[in-house]
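Chains as they are written, first to last, in the UniProt record's numbering: chain A, 1 to 515; chain B, 1 to 340.
Quick caveat, the hints were computed from the structure, so don't treat them as lab data.
Predicted, not measured: the structure shown is a model, and the values here were computed from it.
By construction, the Cβ of each residue, glycine as well, lies at the ideal position given by its N, Cα and C atoms.
Among the chain B residues that face chain A by a calculated CB cut under 10 Å, a handful are:
| id | residue |
| --- | --- |
| 1 | S205 |
| 2 | S281 |
| 3 | G285 |
| 4 | K286 |
Letter by letter, the chains look like this.
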Amino acid sequence: MSKKLLRISGVNKSFPGVKALSEMQLDLNHNEVLALVGENGAGKSTLMKLLSGIYVPDSGTFEIDGQEVAINGTKHAQELGISIIHQEFNLMQDLTVAQNIYIGREPRRAGLFLSERALNRKARLLFDQINIDLDPKDRVGDLTVAKQQMVEIAKALSYKSRILIMDEPTAALNDAEVATMHDLIRNFTNEQTGVIYISHRMDELKAISNRITVIRDGAYIDTVDTESTTMREVINLMVGREISGNQRPASQTPSDEVVLKVSGLETKGFLRDINFELHRGEILGFAGLMGAGRTEIARAIVGADRISAGTIELKGTEVSIGNPAIAASLGVGYLSEDRKHLGLLLERDVKDNIALSSLKMFSRMGVINDKAMKSTAATYIDKLRIKTPSSAQTAKNLSGGNQQKIVIAKWLVKDCEILIFDEPTRGIDVGAKEEIYTLLNDLVAQGKSIIMISSELPEVLRLSHRIAVMSEGRLTGFLSNAEASQENIMELATQNTTGAVLTPLPASSAQRSTS
Amino acid sequence: MTLTKDAAQAAKVASNKQSEFNTRLRASFQQLLAFASLLALVLFFSVASSNFYQAANLSNILLSTVVTGLLALGTTFVIITGGIDLSIGTGMTLCSVMTAVFMTQLGMPMIVGVLCGVLFGALMGGINGFLVAFLKIPSFIATLAMMMVAAGLALVISGTKPIYTNEVAGFQKIFALGKSIPGLVIPNAVFILFAAAIVAGLLLSKTILGRYTYSIGSNMQATALSGVNVTKWTVLIYTVAGCFTGLAGVIATARLNSAQPAGGAGLELQAIAAVVIGGTSLAGGKGSIIGTVIGALIMSVLTNGLSIMSIPQEWQQVAVGVVILLAVYLDMMRRKKATN
Ligand SMILES: Nc1ncnc2c1ncn2[C@@H]1O[C@H](COP(=O)(O)OP(=O)(O)OP(=O)(O)O)[C@@H](O)[C@H]1O
Ligand SMILES: [Mg+2]
Numbered sequence: 001m002s003k004k005l006l007r008i009s010g011v012n013k014s015f016p017g018v019k020a021l022s023e024m025q026l027d028l029n030h031n032e033v034l035a036l037v038g039e040n041g042a043g044k045s046t047l048m049k050l051l052s053g054i055y056v057p058d059s060g061t062f063e064i065d066g067q068e069v070a071i072n073g074t075k076h077a078q079e080l081g082i083s084i085i086h087q088e089f090n091l092m093q094d095l096t097v098a099q100n101i102y103i104g105r106e107p108r109r110a111g112l113f114l115s116e117r118a119l120n121r122k123a124r125l126l127f128d129q130i131n132i133d134l135d136p137k138d139r140v141g142d143l144t145v146a147k148q149q150m151v152e153i154a155k156a157l158s159y160k161s162r163i164l165i166m167d168e169p170t171a172a173l174n175d176a177e178v179a180t181m182h183d184l185i186r187n188f189t190n191e192q193t194g195v196i197y198i199s200h201r202m203d204e205l206k207a208i209s210n211r212i213t214v215i216r217d218g219a220y221i222d223t224v225d226t227e228s229t230t231m232r233e234v235i236n237l238m239v240g241r242e243i244s245g246n247q248r249p250a251s252q253t254p255s256d257e258v259v260l261k262v263s264g265l266e267t268k269g270f271l272r273d274i275n276f277e278l279h280r281g282e283i284l285g286f287a288g289l290m291g292a293g294r295t296e297i298a299r300a301i302v303g304a305d306r307i308s309a310g311t312i313e314l315k316g317t318e319v320s321i322g323n324p325a326i327a328a329s330l331g332v333g334y335l336s337e338d339r340k341h342l343g344l345l346l347e348r349d350v351k352d353n354i355a356l357s358s359l360k361m362f363s364r365m366g367v368i369n370d371k372a373m374k375s376t377a378a379t380y381i382d383k384l385r386i387k388t389p390s391s392a393q394t395a396k397n398l399s400g401g402n403q404q405k406i407v408i409a410k411w412l413v414k415d416c417e418i419l420i421f422d423e424p425t426r427g428i429d430v431g432a433k434e435e436i437y438t439l440l441n442d443l444v445a446q447g448k449s450i451i452m453i454s455s456e457l458p459e460v461l462r463l464s465h466r467i468a469v470m471s472e473g474r475l476t477g478f479l480s481n482a483e484a485s486q487e488n489i490m491e492l493a494t495q496n497t498t499g500a501v502l503t504p505l506p507a508s509s510a511q512r513s514t515s
Numbered sequence: 001m002t003l004t005k006d007a008a009q010a011a012k013v014a015s016n017k018q019s020e021f022n023t024r025l026r027a028s029f030q031q032l033l034a035f036a037s038l039l040a041l042v043l044f045f046s047v048a049s050s051n052f053y054q055a056a057n058l059s060n061i062l063l064s065t066v067v068t069g070l071l072a073l074g075t076t077f078v079i080i081t082g083g084i085d086l087s088i089g090t091g092m093t094l095c096s097v098m099t100a101v102f103m104t105q106l107g108m109p110m111i112v113g114v115l116c117g118v119l120f121g122a123l124m125g126g127i128n129g130f131l132v133a134f135l136k137i138p139s140f141i142a143t144l145a146m147m148m149v150a151a152g153l154a155l156v157i158s159g160t161k162p163i164y165t166n167e168v169a170g171f172q173k174i175f176a177l178g179k180s181i182p183g184l185v186i187p188n189a190v191f192i193l194f195a196a197a198i199v200a201g202l203l204l205s206k207t208i209l210g211r212y213t214y215s216i217g218s219n220m221q222a223t224a225l226s227g228v229n230v231t232k233w234t235v236l237i238y239t240v241a242g243c244f245t246g247l248a249g250v251i252a253t254a255r256l257n258s259a260q261p262a263g264g265a266g267l268e269l270q271a272i273a274a275v276v277i278g279g280t281s282l283a284g285g286k287g288s289i290i291g292t293v294i295g296a297l298i299m300s301v302l303t304n305g306l307s308i309m310s311i312p313q314e315w316q317q318v319a320v321g322v323v324i325l326l327a328v329y330l331d332m333m334r335r336k337k338a339t340n
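Start from the sequences, fold in the hints, and give me the full structure.
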């Protein structure tokens with residue numbers, strides 16, 4: 001009988017105030033993609049960090065090909081053939097692709113001098129081998145998220161690893177990019193190797209995995225064959241309760257009142273002639289490929305980036321929004337897609353993060369009322385099922401999905417008239433997604449308006465009253481919820497001619513320059 | 001469902017309380033450790049030299065902490081935002097000169113002069129803040145330039161000569177004289193330092209300004225995108241920090257009964273050292289006033305103790321440098337342990 005590629009048993013790991021894993025087990029066969037699923041904070045990332053030598057387990061055994069190993073540090077894990085692609089990127093933005101991949105292992109001349117040429121050659125060879133389309137000389141900071149993800153993968157594969165761990169590699173990717181990623185994974189798996197794959201996107205588990213291991217609250221639940229199991233069963237194992245789900249968008253129709261009108265909006269060198277209206281009580285979805293310009297529109301509206309032409313009207317009055325603080329004071333909030341860099345105060349605690357946008361609400365004459373902050377935080381911890389030992393826990397100690405929930409809570413507390421949510425459910429588990437969808441529907445029922453940018457089409461389709469589709473810095477069309485489908489959205493998203501704008505607009509939308 | 005849910009809820013609340021308590025306990029334990037190193041130093045010098053643990057000397061130590069201590073308090077704010085302020089040393093000197101000018105040449109009453117001295121510090125801080133927040137000049141460079149400007153202006157305004165303030169009614173009395181607690185005379189200036197520390201502590205921990213100070217230091221972009229007017233608050237924070245520089249200038253004047261226009265350079269580094277010893281991170285986002293006070297005390301206990309043991313000046317500097325390294329390293333280790 002052939003031995004398992006990897007076998008983990010009896011693993012325990014505690015953090016101060018949190019038992020992250022208890023008696024965890026898992027096994028991985030050769031030539032297998034094993035999906036690891038569980039709710040936010042279930043312990044997936046922690047388990048993988050143990051495997052890759054970042055954390056030391058309190059107890060437990062790890063066997064590779066039947067041989068027990070003690071993993072001492074990340075370097076040792078690499079020597080054992082274990083590579084990990086983390087939930088959060090770990091790339092140096094100012095270095096090139098090749099420099100990033102071979103950092104610490106640069107080919108040297110005379111043992112001393114770096115050879116950029118040899119480095120790039122080596123990288124190109126690697127890309128050919130694993131069939132990735134990347135230029136070794138590109139600066140990583142200039143790449144799209146999808147390409148950066150490819151760099152992470154190339155880096156992991158460059159270690160000649162046998163066990164590849166991927167922690168939510170597709171959270172930021174759209175369907176086309178996900179397919180490319182899956183091809184890479186299939187290429188990688190063979191008789192010598194195996195993959196552990198963490199994802200909250202249930203639809204892709206069917207496509208890529210052989211078996212699925214489910215964990216809940218740090219404990220092992222079950223492992224099932226992907227073929228013979230429905231996703232519904234997996235979800236039930238995962239959350240341990242029934243999930244409603246799948247009603248279409250907010251039942252009530254939005255009012256005619258226009259709360260936000262964007263006309264002729266342009267930014268230097270990218271956005272072209274953006275025109276749209278947002279109605280009171282509407283969820284307007286924005287779909288498009290990565291880099292189509294959806295985030296740029298959001299940033300331009302809240303004044304995070306400069307606009308070079310066009311006007312923004314709130315409830316019929318033209319406004320000039322120079323920075324996000326002005327936007328917030330006018331009742332427009334923006335939740336960024338990049339929680340680590342633009343969303344969270346990682347070193348501050350949960351309640352500080354939740355209250356950040358609305359500190360004035362929690363203070364009188366500049367003095368903060370900590371009690372009020374704490375009780376509001378507690379409400380949202382409960383509402384969004386944020387898994388944390390207390391509201392005083394430091395944000396960086398929360399699991400990725402729970403960090404995302406904090407960012408959402410921050411904007412729910414702020415009570416804005418218009419909310420722009422950029423990939424709000426990135427990294428959030430299926431159960432919690434439903435709660436968030438319900439919350440969004442409640443918000444629009446109360447007369448708020450929401451712009452929702454998402455790369456997950458099912459989500460856009462489910463929530464939006466209308467869907468705006470973008471391609472290469474332009475709006476290529478609007479679809480009502482009834483007429484929208486994955487197909488016609490993708491068609492508009494890949495259209496790169498000057499698309500016709502379907503909503504009626506005043507022809508003379510004067511293009512005044514602001515700021 | 002409701003019953004079990006309520007029970008679960010209650011259990012959760014209880015366990016929340018518990019772990020929150022633990023977090024707090026750990027935080028205060030860290031501060032306790034810093035305090036313990038201060039005590040250890042005091043103990044060491046007391047054993048090493050019989051002259052150390054004397055009322056007069058202790059009051060000396062406290063008095064010598066006042067100016068750097070005040071500077072350190074202000075600069076704690078700046079450092080927590082992730083910035084640095086190199087202008088506080090010579091800036092303090094300029095404030096001292098201005099205070100003397102206000103009181104003597106402009107003939108302001110003492111209290112008004114004091115107030116104007118502090119406000120002048122606020123003005124300088126505000127300018128620093130403006131350079132950093134509006135013009136986006138890195139704080140290191142902006143305040144380095146400010147440090148030189150202040151040094152030059154102090155000399156120009158004073159005509160390079162000390163300005164004496166003996167004539168000013170009540171000035172020296174208020175700051176230099178002291179209250180005697182049985183066995184120990186504590187100069188008023190020391191009380192002012194501790195009052196300033198309490199104000200700074202409250203500002204940092206209990207007000208919006210303090211919370212934004214930490215937020216900006218932990219992640220400026222995220223704070224801005226959360227709708228906080230980071231530019232405005234940065235200017236305010238630097239202005240508040242400037243008040244402490246101004247106060248330090250006023251006290252320095254009162255202590256010497258004159259404004260000495262040539263000094264001040266190098267004090268900024270001592271203040272920064274005190275802040276860093278107190279566990280505030282130069283990367284921003286972390287730090288406390290109590291830490292800074294302890295840090296400042298450690299610095300002056302060390303200098304004082306070493307002189308009392310007749311260690312030559314040159315070697316004192318070496319020792320202080322080593323202590324800074326040690327203190328910061330130990331603090332990092334402690335934090336790492338606390339999070340792992
Ligand atoms: N360094 C740490 N300190 C304290 N608690 C931690 C730390 N790292 C993780 N935890 C806690 O351990 C639990 C498991 O976290 P983990 O990151 O493994 O979850 P996850 O399954 O990856 O969730 P997600 O789907 O949200 O990424 C969480 O409750 C988290 O708060
Ligand atoms: Mg995770």
